[in-house]
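**Q** Spelled out, the chains give:
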Amino acid sequence: MEIALNQANDASLLRLEGVMDISVAAELKAALLEAMAAGKAIRIAAGAVTELDVSAYQLLWAAEREAKRSGLQFAFTGRLSAEIEGLLANEGLEPLAAGQ
Amino acid sequence: MKEAVAGNAEQFKHAFREEAREILTELESALLALHENRGDKELIGRIFRGLHTIKGSGSMFGFERMAAFTHDLETAYDHVRNGRLEIGSELIDLTLAALDQISAMLEEGAEGVAPADPAVCAGILAGVRKLASIEEETKPAEKSQPAPEPPAAAAGPIENWRIRFAPGPDLMRFGAKPSLLVNELGQLGELAARAILDAVPPLGEIDPERCYVRWEMELATAAGAEAIRDVFIFVEDTCELTIEPAAGAAPVLEETRPASEAEITARALAEKRNATPGRRTYDTPDNASSLRVPAAKLDLFVNLVGELVTVQARLSEIAAKHDDPEIAAVSEEVERLTSSLRDNSMNIRMMPIRATFEKFRRLVHDLARDLGKNVELTIEGADTELDKTVIDQLSDPLMHLIRNSMDHGIEPAALRAARGKRPTATIHLAAKHSGASVLIVVSDDGGGINAEAVRNRAIERGLVAAGAELTEAEIFALLFQPGFSTAKQITDVSGRGVGMDVVRQRVDSLRGSINVASKAAEGTTVTLRLPLTLAIIDGLLVSIGDAFFVLPLANVLECVELTGADVERANGKHIADVRGEIVPYIRLREHFGIRTPRPEIEQIMIASTEGGRYGFVVDKVLGNCQTVIKNLGRFYRHVKVVSGATILGDGTVALVLDPERVAHDAVRAIAHGVRAGPSVAAIAAAVKRGLRGRSAAPQRTV
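Protein chains in written order, with this note's numbering: chain A, 1 to 100; chain B, 101 to 802.
Since the hints were derived computationally from the structure, they do not count as laboratory data.
Treat the hints with care, since some could be wrong.
Unchecked claim - Here's a subset of chain A near chain B, in silico, CB distances under 8 Å, partners left out:
#, residue
1, Ile22
2, Ala25
3, Leu33
4, Asp53
5, Gln58
6, Trp61
7, Ala63
8, Asn90
Stated by the list, open to error - Within a straight-line C-alpha distance of at most 25 Å, the following computed SDA-like cross-link-like pairs (lysine to any residue) qualify:
#, chain 1, residue 1, chain 2, residue 2
9, B, Lys277, A, Gly18
10, B, Lys397, A, Val19
11, A, Lys40, B, Lys277
12, B, Lys277, A, Ala30
13, B, Lys113, A, Val19
14, B, Lys277, A, Lys68
Said to hold, decoys possible - If you anchor each label on the Cβ, the simulated ranges turn out as follows:
#, chain 1, residue 1, chain 2, residue 2, range
15, B, Glu433, A, Val19, 31 to 41 Å
16, A, Gly78, B, Ala396, 46 to 56 Å
17, B, Leu297, A, Gly18, 19 to 29 Å
18, A, Gly78, B, Leu297, 16 to 26 Å
19, B, Glu122, A, Asp10, 28 to 38 Å
20, A, Ala48, B, Arg262, 32 to 42 Å
21, A, Val19, B, Leu437, 16 to 26 Å
22, A, Ala82, B, Leu297, 19 to 29 Å
23, B, Glu316, A, Ala48, 52 to 62 Å
Quick caveat: nothing in here was measured; it's all calculated off a predicted structure.
Cβ atoms here follow ideal geometry from the backbone N, Cα and C, with glycine treated the same way.
Build the full structure now, drawing on both the sequences and the hints.
**A** Here it is, written out as structure tokens:
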């Protein structure tokens, strides 16, 4: 489980790894808020996420909604694995950053 | 943060354990009932659903081993449900043995619980797999995300259901994952889920541990509403859940795919279930109808109410001294409220005895098999409610009584046949209210107790004198003597006493009494009379000299005066004429060796006891009192005539008398020509001294 936020010139880079669930939700929220506050495009590397539960999903979803409202780009540089996307779809959760 | 989550997860595990224990008990009853009635589809369905829930929820709450172990059992019962496997004694016995192991896995780590035995588990699984022709799978339930299974519950026609599921705010905090529930629903059939996120607040306002997502789902399944609700069984108290047949029920999903052969078979075999669609929401009274509260919290609550009752008594007394209508009004109001609070708090602790009774079906089943006897257990009055503390302590004595009945009461089949009895023997467990007591009856239609043999044995053991004349009841009472229980297999009654002194001790500690009735060749009935509650009673406060006593109001029938003239008329005999009826009385002053001068007019409290009506003579009757009973502590536990002590409003200690015991002791003292000597008085005084010393401190220390 790792959540790392790096600032590049044009974007905030958020790298997520491992299990993203309620045990790291507070940390994820803080990282997303920080990224939003930077006012730059948000890029998320999520290729190494092994599990994504509702607590993490709703944070990412809310972040995406707010980024869109403030005209910030919200995109995945590494998409969630097909397995996780499949599970999200089974649960009726719409894909994140669908337009990317 | 993580620690908090872990703590909550533990709390949720605890709740799961409690639910699972109930499910295991239900499973056991269902299995034993199935033993009698092999074809009962409803029972098979219940067993399957129970196992399914244990498996599914077990893996959700971290009991992976338990879930994995239950997997094949569930499959076996699925086969039974679908008519692919016939239910037989072997599968039932294996399942019962498996339940023991599941229970051990559930309680793992708890003190005094033997861990599940891997070898036994493996043996059970091998047996089940062989019976049900299941091939060993590779740890199916140990994956963190359960792999989708074929529709597990295909027992009825495929129906469409609309399910709305809104997790409660704390669901995730408790360690439950809503997505797992959605996935589990998917295993019941074709699921179309839609997550609704309109309640998700702006990022900054999100509580990361709260679930804001809710779901609307359509499910096409043959499983029925009950199976759907079972998926949510552990979270339904904390979520909004609506399960209803899809309106206009055009079976859209069913048409889109051909029914599989298994489903067709399943439908053909399907039981006609009348499952009514479930609807659970926060605002329905149904949802709020029960609440799980740890027993310790309840005990604390009752203790506090007890303290309040004591303080209220003091307030009433102070108010009586001050002639102030305002204080009097407040005091009366407090008294009324306290009384109502007391009754309510006692009521909260009342539980039906059903679970305790049902538990013995298994004991009877196993013992009958081991002893090669044919015995059925019948239960009556299982809804009778009594105090949880009493129920908790009833298990052991009942077990000993049933064991004794099975072992020594019920005759071997040949003897039953010779006596012209039904080949199947009966053990009957019954509970009913009787005044402020509950009667628990264990009876059997066995050979009865040989009173003469018991008497001889008692003489042999030196428990009674050789020439003593004993009534039948007195002889049977000997069975409960500690000396009797050590009997080895010597006579046909030996062993009858095994564990019986345990019964006696436990019933004594509950302030109950035991009565045994038995007829040779017809059977034995043991009746336990137990108080409804242990903590607070209504009593009559009386005084003798400067000593105070409380007699439980439930026993007291009336109070009459005893004058010097009455005593003279009776020629010194301890009998009173109450409206033409002769009532023997016991002078408590003499009984307890209280040496203060006797008043001219005394009071007789007439009380009903098992031995008949007795009068208890005291100096003064002071009035009603609500009494919080405090235990005497282990030093005075042997003082049987006193069942506890209480603190009066002014801090004085009063001893709570057990009229049954006092009468019993007094009659014995007269029969044996001894007077209740100063030793009783000394003990009573010591009890009082002990309590006084402690009551100087704040009241709750007593």
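**Q** Indicate, hint by hint, whether the structure satisfies it.
**A** Against the structure, the hints:
no., hint, verdict
1, Ile22, "holds, 5 Å"
2, Ala25, "holds, 3 Å"
3, Leu33, "holds, 6 Å"
4, Asp53, "holds, 6 Å"
5, Gln58, "holds, 5 Å"
6, Trp61, "holds, 6 Å"
7, Ala63, "holds, 5 Å"
8, Asn90, "holds, 6 Å"
9, Lys277(B) - Gly18(A), "holds, 17 Å"
10, Lys397(B) - Val19(A), "violated, 37 Å"
11, Lys40(A) - Lys277(B), "violated, 33 Å"
12, Lys277(B) - Ala30(A), "holds, 22 Å"
13, Lys113(B) - Val19(A), "holds, 21 Å"
14, Lys277(B) - Lys68(A), "violated, 28 Å"
15, Glu433(B) - Val19(A): 31 to 41 Å, "violated, 58 Å"
16, Gly78(A) - Ala396(B): 46 to 56 Å, "holds, 50 Å"
17, Leu297(B) - Gly18(A): 19 to 29 Å, "holds, 24 Å"
18, Gly78(A) - Leu297(B): 16 to 26 Å, "holds, 24 Å"
19, Glu122(B) - Asp10(A): 28 to 38 Å, "violated, 59 Å"
20, Ala48(A) - Arg262(B): 32 to 42 Å, "holds, 38 Å"
21, Val19(A) - Leu437(B): 16 to 26 Å, "violated, 53 Å"
22, Ala82(A) - Leu297(B): 19 to 29 Å, "holds, 22 Å"
23, Glu316(B) - Ala48(A): 52 to 62 Å, "violated, 32 Å"
Checked against the numbered hints listed earlier, the structure breaks hints 10, 11, 14, 15, 19, 21 and 23; every other hint is satisfied.
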